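Novice: What follows is the residue order along each chain.
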Amino acid sequence: MSTTAAKAPDDRDRTRPTGSASRAGDGKDRGAPPRRRDRLSTQNLAGWLYSTPFLSLFLTFMAFPVVATLVMSFTDFGLRNVTDPFSAEFIGLDNYTRLVEDEKFVRALLNTGLFVVLGVPLTIGCGLVAAVLLNSGIDRMRTFFRVGFYAPVVTAIVAVAVIWRFVLDPAEGLIAGLAGQLGLKSPDFLASETLALPSLVVMAVWRNMGTAMVLFLAGLQAIPTEVREAARIDGAGVLQEFRGITVPLLRPTMLYVAVMTTIGFLNVFEEPFVMTDGGPSDSTLTISLHMYRQGFDFFHMGYASAMAYVLFVIVLAVTLLQLRLLKDKTR
Amino acid sequence: MSTSETGTGTDAASATGARPAPPPRAAGGFRARKPLTYVLLSAGLLVMTAPFLWMGLSAFKTQRDLGASPTVWIPNEWTLANFRELLSLMDVPQAFFNSVLVAVFVTACNLLFCSMLGYALAKLNFIGKRPVFAVVLGALMVPGNLLLLPKFVMMSKMGLLDTYAALVLPFAAGAFGVFLMRQFMTAVPDELLEAARIDGAREWFIFWRIVLPLVKPALATLTIFVFLGSWNNFLWPLVATNDPDKYTLPVALATFATDPTKADGSNGVLMAGAFLVVLPVLIVFVVLQRHFTQGIATAGLK
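Protein chains in written order, with our numbering: chain A, 1 to 331; chain B, 332 to 633.
Simulated from the structure, these hints should not be mistaken for lab results. Note that this is a predicted model, so its numbers are computed, not measured. We put the beta carbon where it would ideally sit given N, CA and C, even for glycine. All the pointers check out, no bait thrown in.
In silico contact screen, one side only, chain B against chain A (beta carbon under 8 Å); selected entries:
no.	residue
1	T402
2	A503
3	L566
4	L584
5	N598
6	V608
Using the sequences and the hints given, assemble the complete structure.
Specialist: As structure tokens, then:
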């Protein structure tokens with residue numbers, strides 16, 4: 001392994017008086033200032049060598065594309081520019097003004113908003129309920145339940161979407177089968193303009209609540225039992241205890257879960273892509289899906305870039321808003 | 332105290348029972364709620380696992396059982412016909428191989444690069460450390476959607492579309508991994524590194540032989556998350572590959588499932604496909620479940 005080592009000068013400091021002197025320059029190494037500089041330059045060299053792989057990949061595949069997307073959003077970047085990127089023409093804010101007039105984009109914006117408004121509270125609610133139940137003194141089966149509740153999170157969204165498409169199938173699906181047992185008839189969820197989006201939300205909640213649950217469970221277990229006992233001795237009921245102790249002390253976790261879940265729902269793509277292709281009549285079209293189609297089906301890449309930036313700004317704005325709203329109350 | 336109503340004599344019961352004056356409301360209320368808790372959790376578990384059970388059963392049903400009314404829950408006759416048809420319609424072994432190859436490379440790169448930078452950020456003093464850490468934190472917040480279009484153009488210009496490099500390189504060093512490794516390596520005591528330096532150890536030796544072995548749990552967590560993320564990754568592989576020989580499993584499955592000429596009316600075949608994508612992950616998850624849930628909690632709360 002020493003062949004790859006930083007080709008540092010000798011790093012041996014056998015004469016160093018104490019082991020802890022290296023950091024803050026606290027004058028203990030009066031005898032050996034040059035060695036100290038050696039040490040520092042060794043660490044400089046090593047630090048930058050260790051940073052190089054990440055930084056070069058970051059610059060190539062993240063920093064550059066982030067800037068490039070912005071530049072592209074002010075051009076008419078199209079299919080021919082894939083081979084000849086620099087011949088794209090600057091068209092100012094045209095792409096952005098077009099967005100406002102694009103009925104499909106407005107629809108996608110509304111749909112994505114609906115996904116967030118319905119999906120985030122449901123995910124947080126289900127995750128919190130599951131976590132509280134798992135934390136309420138059951139020990140034997142906790143792992144068993146936790147594994148079951150978390151399993152959807154680890155499976156590929158594409159596979160899950162394929163499974164759910166069949167679960168919701170009006171003729172042979174699971175819901176149809178259950179409805180048939182009760183003598184009812186299942187609606188065609190994914191072909192209905194009113195039911196398609198809620199169906200996708202339910203599926204997304206089913207898939208994502210495990211993450212929220214695990215985070216809440218960790219947060220709950222960090223609440224000292226003394227606090228709960230004190231509340232009970234003072235005569236707090238179950239609901240009072242939940243509202244007066246659990247919820248306030250879970251706020252930091254709540255903030256994190258809310259932010260992560262919201263970002264996830266704002267970017268929702270696979271579910272409509274596999275299950276409905278945005279239909280019926282654009283009722284499940286999301287911003288990501290619209291962007292993907294504009295960019296890679298029609299190669300309106302400048303236009304799609306503008307969409308990507310609008311989505312990014314929305315994500316940022318919503319995140320900052322949540323940070324403000326949820327954080328201020330903890331003080 | 333009514334100790335006998337639930338058979339599970341757990342910590343709360345035994346602890347309070349031993350003490351002379353237990354707070355009766357607390358213990359009593361708690362234990363009376365327990366059966367209800369189990370009922371609710373079991374109902375929830377049924378809902379959570381039903382789609383998987385439905386998939387697992389349907390994949391082995393005959394065409395007649397699939398279309399039967401009233402619904403056949405347990406296959407009357409177990410068959411592998413769906414899997415056979417799937418294999419004839421979709422190159423599953425190739426897609427499986429691609430997924431494994433890409434995931435292995437992505438994981439290996441992340442383990443090395445993320446722990447290198449994580450170590451530097453946690454334990455080395457170098458000029459520019461703070462800006463580098465700021466870059467890592469910033470990179471955590473950049474959504475993949477924002478990078479998609481230029482990345483596609485870049486890869487196309489470099490002639491890398493439809494290659495494994497295109498699938499591996501953009502994910503070879505994730506900011507999440509750097510952050511995770513830094514958090515864990517900060518906990519390694521400085522004295523240990525100082526002692527090694529006094530003994531004349533070089534920086535690489537300290538990193539490779541002293542620090543890395545101490546953060547094995549973090550490496551395990553990182554392996555799981557990166558491998559899984561790669562295995563389930565969809566949007567970029569969808570964009571970066573056009574050649575079915577380079578499709579990863581999710582892309583192959585999605586292409587197959589959304590192709591009206593192939594997938595029409597063959598729900599059993601689709602379930603067989605989903606089964607093959609989901610099963611390996613579920614098995615690994617059940618075996619390593621402790622790492623999963625601990626990892627996500629650590630990453631989230633640290």
